[in-house]
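S.K.: Chain residues, written in single-letter form:
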Amino acid sequence: MADYILKRLVSAIPVLLGISIIVFLIMAMIPGDPAMAILGSYATPENVEKLNRDLGLDKPLVQRYFIWLGNMLQGDFGRSFSLNRAVLHEVLERFNATLVLAGTSFVICSVLGVAAGTVSAARQYGLADKAITFAVLLGISIPSFFLGMMMILVFAVNLRWFPVSGMWPIYGERDLPSLISHLTLPAMVLAAVATGVIARLSRSAMLEVLRQDFIRTARAKGVHERSVIWRHALRAAMVSIIPVLGVQAGFVLSGAVYVEIVFQWPGVGRMLVDAILKRDILLVQGGVVFVAACYVMFNLAVDLAQSLLDPRIKT
Amino acid sequence: MSFLGLLVRNRLAFAGLVVMLVIVVLALVTPLLPLADPDVTDTANRFKRPFAASVILGTDHLGRDLLSRLLWGVRLSLAVGFASALIAAAIGAAIGIIAGFYGGRTDNVIMRGVDMLMAFPYILLALAIVASLGPGLINALIAVAAVNIPFFARNIRGVTVSIAHTEFVDAARLSGMGDARIILTEILPNVVPVIVIAMSTTVGWMILETAGLSFLGLGSQPPQADLGSMLGEARSALITNPHTSIVPGAMILVIVMSINLLGDGVRDALDPRLRSGALSRPMPSTLVRREEPVPAKETSALLALSGLKTQFHSNGRIHKAVGGVDLYVRPGECVGVVGESGSGKSVTALSVMGLVASPPGVITAGAAHFSGQDLIGANYETLRRLRGDRVAYIFQDPLTALHPLYTVGAQLVEAIRVHHAMPRAKAREHAVELLESVRIPNAEERLDGYPHELSGGMRQRVGIAMALANDPELIIADEPTTSLDVTVQAQILSLLSELQRERGLAIIFITHDFGVVAQLCNRVAVMYAGRIVEEGPTDAILNAPAHPYTARLMACVPELGRGRHRLAAIPGLPPVLDGLPEGCAFAERCHKAKEACRTGEIALTANAVQRAVRCIDPEFRTADAAR
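Protein sequence lines correspond, in order, to chains A and B.
Following the working numbering, the numbering of the first sequence begins with 3 at its first residue and continues without gaps.
Following the working numbering, the numbering of the second sequence begins with 869 at its first residue and continues without gaps.
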């Protein structure tokens, strides 16, 4: 097992390097002069040249990449010019908020999605199946930013059950109850799409499994139908559901951008959009690489969970 | 059925198609409609409510007509969404085909890159691209197309790989066609359905994504507005004037929903696996819809089937798998049911406990009296209590019949505890005894192993142990040795024979092998096209088969020590079960068939020595054979 984990960890290294190269190349595509973007169009040529030298932009592309990579490995993601702050500090602080939001959403969509898909498959073509199928269709078709706005309108403005926006109350305690009341709406909105996708795939995975011989064996043994569905079938279906959960984690993590904007959540997504509009390249670069790396590590964890669940995978 | 026919039959997909068409037509004719200019501001008339005065949908924060802005926005959103889908599909398909067609290093390098891109959270990559190119609708389009290329590339590569190694591509290569021509004439046409499926499932996403980027202010720039930026501009007035948000938001929802409905329909229509309706789940017990009077109660035997009919209903056709079977088993007796594949012997066996997959299976007539209780039409809970407790099954392929993810022990313990409440530890002890009773060495250790760690013979022993778990009165064995090696077959048969004698088990043994019948069974029933054609004591039938079919079937079995004996195959094929001929079903293949064989119902005629045959001209008078 330890060998397997080590092997998977090592295999993540080229992926992480690839991600850093892709981000670096995308950012290097920027037309015109980044220094000009920072200093504005009234900058003098001398100032532009000096800033280019300070940022190391006068060096060749390959050299610049390795300098950037080397600095990142030492924890130096550069300095955001718009915030005048170390990129890593800003990203870490913002990522905390995103993690709270995306993590909660991920739990909601995994549990709800798998449960809905299982019920749907067990009651194929029944009333519950039809209701769930419709809800799923609605969930995957509605833009999360629109859903968020409607939730604010109904549950925050009209019913006043939840606060309109933000992560913490402006005045008052920063305690768990207040976090939960701020978290409920955005977490549910963020989970909506992923719940739909997971429910859909769980349903078809379950339908696939329910036709297998070992389900007939379980029934021939006289196992209760509830147990046939939730133990025998779901356990086997999880093998194909778990990779989907891994993919959906990525959607939840990056879909947080919209929800953070709508709900004024102080997360990394909102930071990125601001940084893009201000053309704060180092902040964008650092933020994207950091989140993508976290996602890769999470998928690694999903793979390991998969190998624990399926004894047929040689570890 | 044609693609369009299937699409229309799927009502939801059809509704999606209609809504989509209406929206597309509206978008196309927008410039011709008598609408207000979408960009003319009129701050005196800002935030007009819908249906107020002359404006149907009201006005926005700058007093611009919302209906006009909506239609122009739809035009823009659809154009951008479809354009990015086309670009992604074209580039992705090209990459996928090249990788799949050339394989080797090319494939390796390309797919590595694709995997890297797919390791990114999707929207993040689009954001990075927009960050680099700068905000703007065209840049948003490029970003959304770019992040979807890997998805298309990977899907299409997979299909191309499977096509690139088919005979017709090899043939094209041998005939001297160039790579480019092979790709265009042989590969591309076969890949198109996959591209269409992938596009129909992603177009909705792409429209959402471009709207999202516009919503964030990274897509279309004012005054030009697609649906996303309309929503983005309206957000600040959400609480005071919600209609300016609801109008564009609801429109996106309607568009994406109709596309998704249509996409699902397209996928179902193009995916042959779904077309046959194969993806329906079997219910906990077989559907019973008896169309004939229920046969009288039968108590003399342990299990007595009378007039059992089981059919498969699919796509408007009816396959009569079992067409009226009478069969009985007494306590401690072993009855063989013999027939070719498709003769209905397995379906008969599974019908007893309602284990025929349903849909499509339906039991339409008959009764199965077990200890006097009719199991056909018994409620689910009654069946469940009997299953595995008093009537147990052994299935054909022990690899697929055992749960791959639970240990052997867990599966045995469950079988015991479902019917007899006892502590886990005690059930485990019992499980060890069971494994020992089926002669599995190191039983204690084997309990913690998984089925895939066992050999085929050992797995089937586990299957038998599981059937014995609750000391059943009847075991129904559905070809339990067919998937095993010959030597293992013999071991399993002698084990079953021993267990039967030791425990006084009644067994119904389904097989296509007369040799197996001879070794194990007291009585035998021969099935053909869903009915029993001959029945009687094993020795009597083996020595002197009465039905021509039985005789021909036995002639198919090679015998050791018979030397240079010609094996006779039966000419022709069994009849199709959705259109059985009148009269004897075997008449078409029978060397003795005459006019009378093809008319009316031919009865199963019994005689005094417990033999019965369904033939008007048997090989000999069964009474004579009793000498």
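Among the hints, erroneous ones may be present.
Stated by the list, open to error - Only pairs whose alpha carbons sit at most 20 Å apart, straight line, appear in this in silico SDA-like list of lysine to any residue: (1) A:K132 x B:F882; (2) A:K132 x B:G1002; (3) A:K280 x B:G1004; (4) A:K132 x B:G1004; (5) A:K280 x B:Q1089; (6) A:K9 x B:M984; (7) A:K280 x B:F882; (8) A:K280 x B:G1085; (9) A:K61 x A:I23; (10) A:K52 x A:I23; (11) A:K61 x A:Y44; (12) A:K280 x A:K61; (13) B:K1460 x B:G1383; (14) A:K132 x B:A1412; (15) A:K280 x A:Y44; (16) A:K132 x B:D1132; (17) B:K1165 x B:G1175; (18) A:K132 x B:M1125; (19) A:K9 x A:V298; (20) A:K132 x B:R879.
If you're looking for bench data, these hints aren't it; they were derived computationally from the structure.
S.K.: Against each hint, give a clear statement of whether it holds in the structure.
M.R.: Tested hints:
no.	hint	verdict
1	A:K132 x B:F882	holds (17 Å)
2	A:K132 x B:G1002	violated (44 Å)
3	A:K280 x B:G1004	holds (14 Å)
4	A:K132 x B:G1004	violated (41 Å)
5	A:K280 x B:Q1089	holds (15 Å)
6	A:K9 x B:M984	holds (18 Å)
7	A:K280 x B:F882	violated (46 Å)
8	A:K280 x B:G1085	holds (12 Å)
9	A:K61 x A:I23	holds (17 Å)
10	A:K52 x A:I23	violated (26 Å)
11	A:K61 x A:Y44	violated (24 Å)
12	A:K280 x A:K61	violated (24 Å)
13	B:K1460 x B:G1383	violated (26 Å)
14	A:K132 x B:A1412	violated (58 Å)
15	A:K280 x A:Y44	holds (17 Å)
16	A:K132 x B:D1132	holds (15 Å)
17	B:K1165 x B:G1175	holds (12 Å)
18	A:K132 x B:M1125	holds (16 Å)
19	A:K9 x A:V298	holds (15 Å)
20	A:K132 x B:R879	holds (14 Å)
The structure is inconsistent with the numbered hints 2, 4, 7, 10, 11, 12, 13, 14, although it conforms to all the rest.
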